[in-house]
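Could you build the full structure based on these sequences and the hints that come with them?
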Amino acid sequence: RRKAEEAVVTGRVKVDGNVVVTPSYRLVGGQKLTLDDRKIHWESKAIALNNEGASSSTSNTNNRQQTTSNKKKKTKNASSSSSSSSSSSSSLYYKYHKPVGVTCTMDKHDRRGLFYALPSKLKKLPLFPVGRLDLDSEGLVFLTNDGPLADAMLQPMYKQEKEYIVEVRPRLSVTQIAELAAGVLITTVQQRGGKETTKLTQPCHVEEIVNTDPQQSYPSSSFLLRFVLVEGRNRQIRKMVHAVSQQQQHHEVVSLKRIRQGVLSLGKLPSGTILPLQDKE
892 RRKAEEAVVT GRVKVDGNVV VTPSYRLVGG QKLTLDDRKI HWESKAIALN NEGASSSTSN
952 TNNRQQTTSN KKKKTKNASS SSSSSSSSSS SLYYKYHKPV GVTCTMDKHD RRGLFYALPS
1012 KLKKLPLFPV GRLDLDSEGL VFLTNDGPLA DAMLQPMYKQ EKEYIVEVRP RLSVTQIAEL
1072 AAGVLITTVQ QRGGKETTKL TQPCHVEEIV NTDPQQSYPS SSFLLRFVLV EGRNRQIRKM
1132 VHAVSQQQQH HEVVSLKRIR QGVLSLGKLP SGTILPLQDK E
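The working numbering puts the sequence shown at residues 892 to 1172.
Simulated from the structure, these hints should not be mistaken for lab results.
One or more hints might be untrue.
[Unchecked claim] For lysine to aspartate or glutamate, the following DMTMM-like pairs were computed, each having C-alpha atoms within a straight-line distance of at most 20 Å:
| # | residue 1 | residue 2 |
| --- | --- | --- |
| 1 | 1086 | 907 |
| 2 | 1130 | 1087 |
| 3 | 1130 | 1054 |
| 4 | 905 | 1122 |
| 5 | 1130 | 1070 |
| 6 | 1130 | 1098 |
| 7 | 905 | 1037 |
| 8 | 923 | 907 |
| 9 | 1015 | 998 |
| 10 | 1015 | 1054 |
| 11 | 1159 | 1170 |
[Unchecked claim] Estimated spans, in silico, between C-beta atoms of each pair:
| # | residue 1 | residue 2 | range |
| --- | --- | --- | --- |
| 12 | 1047 | 1014 | 28 to 34 Å |
| 13 | 1087 | 1050 | 22 to 28 Å |
| 14 | 918 | 1065 | 48 to 54 Å |
| 15 | 1014 | 1076 | 40 to 46 Å |
| 16 | 1003 | 1091 | 30 to 36 Å |
| 17 | 928 | 1167 | 31 to 37 Å |
| 18 | 1010 | 928 | 15 to 21 Å |
| 19 | 1043 | 1003 | 24 to 30 Å |
| 20 | 932 | 1080 | 21 to 27 Å |
| 21 | 1158 | 1040 | 17 to 23 Å |
| 22 | 930 | 1049 | 23 to 29 Å |
| 23 | 916 | 1167 | 23 to 29 Å |
| 24 | 928 | 1050 | 39 to 45 Å |
| 25 | 1017 | 1099 | 38 to 44 Å |
These numbers come from a predicted model, not from an experiment.
By construction, the Cβ of each residue, glycine as well, lies at the ideal position given by its N, Cα and C atoms.
The following block contains the structure:
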């Protein structure tokens, strides 16, 4: 069961093509369920489980009176612990400045993952990241235990903006920047499932900027761009920059920093720091 819940909260499960990160999500007949883009025949399994439950219901009838008695005995203990259980089930919201070299996963088997990067007091909380950020990228990561909110944020229909500061070398031309903004053809591979997709990127905002961040210094040879995307394809910006490179001059992304996700901003949060969201956020 734990592995199943982890598959859900890490975005590997889809219902009718939409990512679902709520383990308690209830399926209805006719819905298509996939894990890593592989179809799961869940209805036949559900019927089998129901039949199994029905066959055992007769033997359970004789135990109902004793079960009811036991429940009454446990009521007092349950009520005394309700306050602690309600606090553990409350919604949690954090923002984290992920450093380069940390992966966006709470998998305890990944020594580079968020689980080992977060403070000890937060490791016991049922947090999961909403969206991903590459191993060699840094910046804002939103963590929560609020499944419905995470579902909404990940749905393509809401077109949630994500803003990045990208260091590119060598300098791109005005024409190349315009190509990036209009959309370029790239091939991306899903991190889970390995499915390849080749198609144009959606139009986005791309502009040259001057560094105004006192916490971040760049070499004089660096060229800074601001990207604002509504897509979230794997290593998208890096592949976009490579796509507009010319044969005689290869361009590469030297550093990439996410500074905004929807209405949530990184602000001046130092690298490696995590903070609970304030009410205004």
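Worksheet entry | Hinted pair residue 1015 and residue 998, Cα distance within 20 Å | Status holds; Cα separation ~13 Å.
Worksheet entry | residue 932 paired with residue 1080, Cβ distance criterion 21 to 27 Å | 26 Å, holds
Item to complete: Given the range 15 to 21 Å, decide if the beta-carbon distance of residue 1010 to residue 928 lies inside it.
Response: Once the Cβ atoms are compared, 35 Å apart, the range 15 to 21 Å for residue 928 and residue 1010 is violated.
Worksheet item: Do the beta carbons of residue 1003 and residue 1091 sit within 30 to 36 Å of each other?
Response: Roughly 32 Å apart at Cβ, these two residues keep to the hinted range, so it holds.
Worksheet item: Between residue 928 and residue 1167, is the Cβ distance one that fits in 31 to 37 Å?
Response: 34 Å, holds
Worksheet entry | 20 Å limit on alpha-carbon distance, applied to hinted pair residue 1015 and residue 1054 | 30 Å, violated
Discussion item. Just to be careful, I want the Cα atoms of residue 905 and residue 1122 compared with a cutoff of 20 Å; is the pair within it?
Written reply: 17 Å, holds
Worksheet item: Do the Cβ positions of residue 930 and residue 1049 conform to the proposed distance bound of 23 to 29 Å?
Response: 26 Å, holds
Worksheet entry | Supplied distance hint 22 to 28 Å, evaluated on CB atoms of residue 1087 and residue 1050 | 24 Å, holds
Worksheet item: residue 905 and residue 1037: Cα distance at most 20 Å?
Response: 17 Å, holds
Discussion item. Hint check: residue 1130 vs residue 1087, CA-CA at most 20 Å. Holds or violated?
Written reply: Measuring from Cα to Cα gives roughly 14 Å; hence the hint holds.
Item to complete: With a cut-off of 20 Å on the C-alpha distance, tell me whether residue 1086 and residue 907 pass.
Response: 17 Å, holds
When held up to the earlier numbered hints, the structure conflicts with 10, 18 and 24 and fits the remainder.
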